[in-house]
Amino acid sequence: MLEDTAPILKARGLRYEVPDALLLSVPDLQIGAAGTTVILGPNGAGKSVLLRLLHGLVAPSSGICDWAKGVGPEAQAMVFQKPVLLRRSVAANIHFALARRGLDRAQRSELAAQHLSEAGLGARARQPARTLSGGQQQRLALARALARAPKVLLLDEPTASLDPGSTMEIEKMLVRAKAQGTKIIMVTHDIGQARRMADDVVFLFQGVLSCHQHAPAFFDAPATKAARAFLSGEIYQSEGLGA
Amino acid sequence: MEGFSQAFQTSLGLILAGDPYLVGIVALSLKISLAALAISALIGVPLGALLAMHRFWGRQIIVIATNALMGLPPVVVGLVVYLALSRSGPLGVLDLLYTPAAMILAQALLITPILVALTRQTLEPINDEYADLLRSFAVAGMRRVWVLIWDGRFGLLTALLAGFGRATAEVGAVIIVGGNINHVTRVMTTTIALETSRGNLSLAMALGVILLIIALAVNAVLSMVSQATRRGYA
Amino acid sequence: MRREWTILSLTLLAIVFAPMVRAQDRIILQSTTSTQNSGLLDAVLPAFTRATGYPVHVVAVGTGQALQNARNGDGDVVLVHARDLEEAFVAEGGGVERFDLMFNDFVIVGPGSDPAGIAGANSTAEALARIAANGARFTSRGDGSGTHRKELSLWPAAGVDVAPASGDWYRETGAGMGTTLNIAIEMEAYVLTDRGTWISFGRKNGHKVLFEGQKDLFNPYGIIAVNPARFPHVNAKGAEALISWLLGPDGQAAIAGYTLGGEQLFFPNAKARPE
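Protein chains in written order, with this note's numbering: chain H, 1 to 243; chain C, 1001 to 1234; chain W, 2001 to 2275.
You may find that some hints are simply not true.
[Claimed, not checked] Facing chain H, from chain C, some residues (calculated, C-beta under 8 Å): (1) GLU1129; (2) ASP1132; (3) ARG1135; (4) ALA1138; (5) ASP1151; (6) TYR1233.
Keep in mind that the hints were calculated from the coordinates and are not lab data. These numbers were taken from a predicted model, which means no experiment stands behind them. In this text, a Cβ means the ideal position worked out from N, Cα and C, and glycines have one as well.
Working from the sequences, and respecting the hints, build out all of it.
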């Protein structure tokens, strides 16, 4: 496991079960404050389940998920694979996120304008949000999440349904957010994206935490058979959980 | 005696001249129906929102009951309210029978199930779609209700218009509990009934034309609302 | 949020119910569709309100329903035209005392062509017998009203049992006088109506009065105050004021003075009341 001097998350014995199956089992996971953490794995590996557990959207069947003080779910924001925009204007979506930050009107206006322009949506402020294109909608969803000034930003396959151009724009926004100090935890099944973005990789396979390594180490010398197979593009099945 | 077209022409004349009897009746009708709508909305919309948001034991029964109540025959509601408000009834001390308040009560009873059911239908898909988002934003309780209501505003407007239409078109309940008293509880629909029974067709028809205009106006707003839907706000 | 909603609701309820506070001094008059449809009450009552300040709210339903409403305590004064029912109402304690107020008469109205030939009949019984014999359509109120009861009382003398004919030539509408007239005219049928409603009826088409003037077509109206001993909340003072006024010179003159198309519809016949 990847040890960190100051982990912001310690998860122990995390399990998520449904009546027919065990969807996730993570005995031990620590995530550090620095660097972008990418949760990687093939489809159905349990990546989304893990992310939702970390963010507190669902409760684990057993186990604990311990965030450090001040970086728990109330200081986090999440971007979903399919953008869920409010039935309002582009600007109103940003204002929704700004509303509870205790800012005055002038500050909110200024921040809203800033976030919109950083997302390349400044000219579309009054447009109904749901009439934007797929890439534009996801940029807005990301801008809205960032408008909450979160300590941790979680993203669930944010560019899975987007074209390369939009993907690049989203990744640029993430790089900027990271530079401003936001911790990023991102789920993806796209190896190329993981190479571009990750500082450390949490590799999940068939519902189990397979390995957790610094990015250079992971891509050069993945620690488990499943990870090796995944990186070389093979489809790998194991007998039971994990490898 | 007047034929249909004769009566129609006379009725248009009455409308254009702003006949005071007519104006008074139309004003009273609108006041009563709008008041009933407001009360029903205050009760029905939050109730519908709660049904949309929460799963609880008995919810399905309430949903079925509300949908069934939408088909309540108005005259039955009128009878029940009359029995309740009659001096020999449980609420007789309130002295509400034969007053506009009794009519507002009857109409509110009629349209609240409509608002509850249509609110739930509008807000449930929105709630389902927003579930994760609102959870992530820690939006709960009344704040969540308000978000759903605002984002569901166009569907809710349709519900309000449907309720208003039902209230203004109703005659059975309001004639029983209101007594069709001149200048006090006489509204458009009850006047049409009365004037028809007096053979005063042009007056009845004038009110019929006005009711139609109101119905058309409601439908015009409804179609503007669905335009807004297509423009991406619903 | 909850607070705003509560304030809004209470404000709304206050707006809706505030006008009701003033309604305490009103007099609820339970009366019949014939007095309403003829326009008499609309013409006569405003003078009373001007003189005394009491607004009168008229609920116009059939005689039977008016008396039943009064029995439930939902009225302060009753003005109907079914003498036996009125007296029973007082006898059982529902009303204080019955007074003669006014009268008019009933007439038999029918299609201009008079298919059953009742215009030449010598008595009401003969007229009705001719209708039955011809199987000519007849519309009845069928609603327990004063008019209905009067009509039912006339058939035996003609030797006619209308019950088996119901649905055939004898059609029961279960409705008020105006509606029944509408139906009679559409059906080209005969109908018994009080003269006041007929004169003020706006759509006579080809129908006209074909039989009238007999003593058994006399139509007296009575006025009764609802018994405050049984229903304490009744506006007893208002009821007394209304009855006194209607029975007094102003009311009686107003009734006599109400005409339509030059014809007087109601004839006052109050007896002088001991002071």
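Hints versus structure:
Hint status for C:GLU1129 relative to chain H: holds, with the closest Cβ pair at about 6 Å, below 8 Å. Interface restraint check: C:ASP1132 against chain H, minimum CB-CB distance 6 Å, threshold 8 Å, status holds. At its closest, the beta carbon of C:ARG1135 sits 5 Å from a beta carbon of chain H; the interface hint therefore holds under the 8 Å criterion. Checking C:ALA1138 against chain H: minimum C-beta separation of about 6 Å stays under 8 Å; hint holds.
With 8 Å as the threshold, the beta carbon of C:ASP1151 comes within range of chain H, its nearest partner Cβ sitting at about 4 Å, so the hint holds. With its C-beta approaching chain H no nearer than about 5 Å, C:TYR1233 sits inside the 8 Å limit, and its interface hint holds.
Checked against the numbered hints given earlier, the structure satisfies every one of them.
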